Amino acid sequence: MTAPDVPKPDREPFGATIGRYSAVLLFVVFIVTFGVLKPDLFLTASTFRLTLGEGVVTAVLALAFLVPLAAGTFDLSIGANLGLSLVVINWFAANTRAPIALVCVGAVLLCCLVGLLSGVLVVRFRVNSLIATLGVSQLLSAVALKVSNNRQIFGSFSDGFAGLGIANPLGIPAVVLYLLGLALIVWFVLEHTPVGRYLFAVGGNPEAARLAGLNTDRLVYGSLVSSAGIAAIGGVIYAMRVGVYSADVGPGLLFPALAAVFFGASQFSRRPNVWGTLVAYFALAFGVKGLQLAFGPGTFWIQPLFQGTALLIAVALASRQIGRTWRSRRAEGSATTQPAPSEPGDATPGVATVRTRLGQP
Amino acid sequence: MNALEIRNLSKTFAGQTALHRVDLTVGAGQVHALVGQNGSGKSTLIKVLAGYHRPDPGAVALVRGRDLALGSAIAAHDAGIRFVHQDLGLVLELDAVENLMLGLSYPRGALGRIRWREALCQARERTARVGLDIDLRRPVGELSLADRTALAIARALPDADRGSAVLVLDEPTAALPDADVRRLLATIRALRAAGHSVLVVSHHLDEVLDVADRVSVVRDGRMVTTAEAADLDHHTLGRLMVGHDLARPTGRVAPAVAGGDPVLALDEVTGGTVTGLTARVHRGETVGVAGLSGSGREAVAGLLSGRVPRTGRVTVGGRPVRAASPAAALAAGLAFVPGERARYGIFPNLTVRQNLTLGSLRRHIRYGYVDARSERREVLRWIDEFAIVTRGPDALVTTLSGGNQQKVLVARALRRAPAALVLDDPTAGIDVKARTAVHAILQDHTARGLAVLLASTDSDELARLCDRVLVLDHGRLVRTLHRGTDLSATAIEHTQVAS
Numbered sequence: 001m002t003a004p005d006v007p008k009p010d011r012e013p014f015g016a017t018i019g020r021y022s023a024v025l026l027f028v029v030f031i032v033t034f035g036v037l038k039p040d041l042f043l044t045a046s047t048f049r050l051t052l053g054e055g056v057v058t059a060v061l062a063l064a065f066l067v068p069l070a071a072g073t074f075d076l077s078i079g080a081n082l083g084l085s086l087v088v089i090n091w092f093a094a095n096t097r098a099p100i101a102l103v104c105v106g107a108v109l110l111c112c113l114v115g116l117l118s119g120v121l122v123v124r125f126r127v128n129s130l131i132a133t134l135g136v137s138q139l140l141s142a143v144a145l146k147v148s149n150n151r152q153i154f155g156s157f158s159d160g161f162a163g164l165g166i167a168n169p170l171g172i173p174a175v176v177l178y179l180l181g182l183a184l185i186v187w188f189v190l191e192h193t194p195v196g197r198y199l200f201a202v203g204g205n206p207e208a209a210r211l212a213g214l215n216t217d218r219l220v221y222g223s224l225v226s227s228a229g230i231a232a233i234g235g236v237i238y239a240m241r242v243g244v245y246s247a248d249v250g251p252g253l254l255f256p257a258l259a260a261v262f263f264g265a266s267q268f269s270r271r272p273n274v275w276g277t278l279v280a281y282f283a284l285a286f287g288v289k290g291l292q293l294a295f296g297p298g299t300f301w302i303q304p305l306f307q308g309t310a311l312l313i314a315v316a317l318a319s320r321q322i323g324r325t326w327r328s329r330r331a332e333g334s335a336t337t338q339p340a341p342s343e344p345g346d347a348t349p350g351v352a353t354v355r356t357r358l359g360q361p
Numbered sequence: 001m002n003a004l005e006i007r008n009l010s011k012t013f014a015g016q017t018a019l020h021r022v023d024l025t026v027g028a029g030q031v032h033a034l035v036g037q038n039g040s041g042k043s044t045l046i047k048v049l050a051g052y053h054r055p056d057p058g059a060v061a062l063v064r065g066r067d068l069a070l071g072s073a074i075a076a077h078d079a080g081i082r083f084v085h086q087d088l089g090l091v092l093e094l095d096a097v098e099n100l101m102l103g104l105s106y107p108r109g110a111l112g113r114i115r116w117r118e119a120l121c122q123a124r125e126r127t128a129r130v131g132l133d134i135d136l137r138r139p140v141g142e143l144s145l146a147d148r149t150a151l152a153i154a155r156a157l158p159d160a161d162r163g164s165a166v167l168v169l170d171e172p173t174a175a176l177p178d179a180d181v182r183r184l185l186a187t188i189r190a191l192r193a194a195g196h197s198v199l200v201v202s203h204h205l206d207e208v209l210d211v212a213d214r215v216s217v218v219r220d221g222r223m224v225t226t227a228e229a230a231d232l233d234h235h236t237l238g239r240l241m242v243g244h245d246l247a248r249p250t251g252r253v254a255p256a257v258a259g260g261d262p263v264l265a266l267d268e269v270t271g272g273t274v275t276g277l278t279a280r281v282h283r284g285e286t287v288g289v290a291g292l293s294g295s296g297r298e299a300v301a302g303l304l305s306g307r308v309p310r311t312g313r314v315t316v317g318g319r320p321v322r323a324a325s326p327a328a329a330l331a332a333g334l335a336f337v338p339g340e341r342a343r344y345g346i347f348p349n350l351t352v353r354q355n356l357t358l359g360s361l362r363r364h365i366r367y368g369y370v371d372a373r374s375e376r377r378e379v380l381r382w383i384d385e386f387a388i389v390t391r392g393p394d395a396l397v398t399t400l401s402g403g404n405q406q407k408v409l410v411a412r413a414l415r416r417a418p419a420a421l422v423l424d425d426p427t428a429g430i431d432v433k434a435r436t437a438v439h440a441i442l443q444d445h446t447a448r449g450l451a452v453l454l455a456s457t458d459s460d461e462l463a464r465l466c467d468r469v470l471v472l473d474h475g476r477l478v479r480t481l482h483r484g485t486d487l488s489a490t491a492i493e494h495t496q497v498a499s
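Respectively, the protein sequence lines represent chains A and B. Read in order, the letters of the first sequence correspond to residues 1 to 361 in our numbering. Read in order, the letters of the second sequence correspond to residues 1 to 499 in our numbering.
Everything labelled a hint here was simulated from the structure, so no lab data went into it. Source: prediction; values computed, not measured. Even for Gly, the Cβ is constructed at its ideal location relative to N, Cα and C. Incorrect hints may appear among the rest.
[To be verified] Here's a subset of chain A near chain B, in silico, CB distances under 10 Å, partners left out: (1) P194; (2) Y198; (3) N215; (4) R271; (5) A294.
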């Protein structure tokens, strides 16, 4: 292949490689920095257990957001779905004698139904996914408030159930293992099955996906049902770990989860991906924990400050890199027709594809 | 004095040379054509001129004898260089006046109010300068492509009192049917008559020879030659672009089997701009669809692929195909290569491999997951067979040139082993070599029995590949041209216009 228009085997610029692994680097920097600053507090098994364990529910929520995002669909109702699942579980545990396993399965199924409702709005009525799921999210909040009477609900769970949430087999919090299991499943489906391939195809070019014979409607339905279901599992894990419902749990976790997904989408393969999301999330979680340990208890405001800063920097970095590679690519294949989404400045593929969907009637 | 003079322009990207010591001179009041294959560097040249890329040190540019700082969009604009890119940059929802004012500035009244009446006058004056006569208050989306191109040129022109400009038109005719091309060429001549200089980038050699005073050929980032258009012919120019003689595809021999039951049958198919189209395509046959834009030619593929709803009957191998469902059409054995590949074909976020196999992964699935290794093996075979130029199966598809992306789409369609293949302008906007390659692929597969329906704006392509060509006008079939009797590129063009 020595034709004149052979694309040059362009090596990725060093800066771009750094950008793609910035979350890993950040992770290492935090561990080293705070390990040196507060070795006795930070470098302990209990700190690690605590930080990992605390992050699990938000990380599950991030996985929930990831699935529809691959298909270019935003699901903002995941936080409220988690809240719904949690309030249902607590209410049944507090007020009935129903077996807890059954209640949990029921809560997950209920949330899947909610996902189906979002699907109907997005697919059937062509409501923009951002708006549809925002609306659904509000409806769910209303339900949760009504059920809980705007009070905390203490589920009085059995020791067995609570044990599932606080056990530490082999010194690792059990909830972390649940997260890993879930992440493995989502990763396998997204990266190694036809369904995953098709989801990214719909996210990349919905019209071409339909023309290639894909059932794009069903894929969007499926992705919204899964995101709701995964969010509900987050609610189950929260019930195991903490055992109390309060109104701010679900929706309050939404933005940290989103931030992790978008930060993660600038990592590794540079599209929404499971491991990028998890590494991004926990890198920040350890950073926050380190800061809190180093500077004392008055630093509760650090977390959002930190997450916001990291997200903005990572995504800005990635967008500059993508812009640069895009320009050289354009220069190389002169008539390479690229569809609109890849403007320089589109940081993550997810955001870009979502923007094109926003443009649809 | 020359309108534009560039000396010693080089551009390297990360150590790779895209342009090497290029010189280019555009005479005042001349139409100068810049030709070259995809990837030859002509687009890079235009982008440097437009200030999108900064050239390597040492380049000199003069506009009407005055120094121009290359690499600055503002400097280029101030020097009177104006660009009309392939993507015209029009907002289809807005009307012509609003589109014209996007690049300029609205006449304002008190409180910043837009003086619409004055804006309308200015718009009229501008469109008149390019000979464009349209309803200025209609959304631009309702205009034909030729009118849109003319509108973009009207917007690019400097104010009437600012004197002459250097207009750079990047592939202005790439998407236009022939009759519209003629109109656009007339517009270009009018610009020259008004004293402007025009640098036009094109693939279409005949157009170039028709309209240009001088022609420059770029190949592999170097300026191969600049010559008077009068001293060149189609064949010489093609050879200069490619660097060697073009393999002239021989006209097809008569189809092996033309009788029997048709593979693809259309009965009274109506939808989009098409009304009551009836056609038959047999095994091993290639049937062309010709027509000007708006004739229904551009709608046929969309109707058959299920992208656009239709009525009437379509059968493949005698079995009816459900309307408006791409999945049903594919299942029936009908595959397509869509026109506008970026919009309807390419997944920009996926790799060459993933793009090529999309829609039919069944043979690579083991226990529910995609066996990437077996998939990669198959894709490598296609890359080899179709000579797709790529770094490998796992390169992002958007790193490929347009022609190679098109080959990926052809491979995607053919790997399903369809009974019939529908193509919509498969070689629009791709270079000579890729075009020849796509033609060879099609001829190869029809020889093996594939039935092909080919809608195209390229009458030369239709005359070369088809056994019959259906010419549409106003949505209806007006004439069928047959190989061996009345089929030729000229006949197609005449019929399109005459009917």
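Right, here's what the structure says about each hint:
1. At about 5 Å, the closest approach between the beta carbon of A/P194 and any beta carbon in chain B falls short of 10 Å, and the interface hint on this residue holds.
2. The closest approach between the C-beta of A/Y198 and any C-beta of chain B is roughly 8 Å, which is under the 10 Å cut-off, so the hint is satisfied.
3. A distance limit of 10 Å between C-beta atoms decides the matter here; for A/N215 the minimum to chain B is near 7 Å, and the interface restraint holds.
4. A cut of 10 Å between beta carbons decides the hint on A/R271: the least distance to chain B is about 6 Å, and the hint holds.
5. For the restraint placing A/A294 at the interface with chain B, the shortest Cβ-Cβ distance is roughly 40 Å, beyond the 10 Å limit, so the hint is violated.
Hint compliance for this structure: hint 5 is the single one not met.
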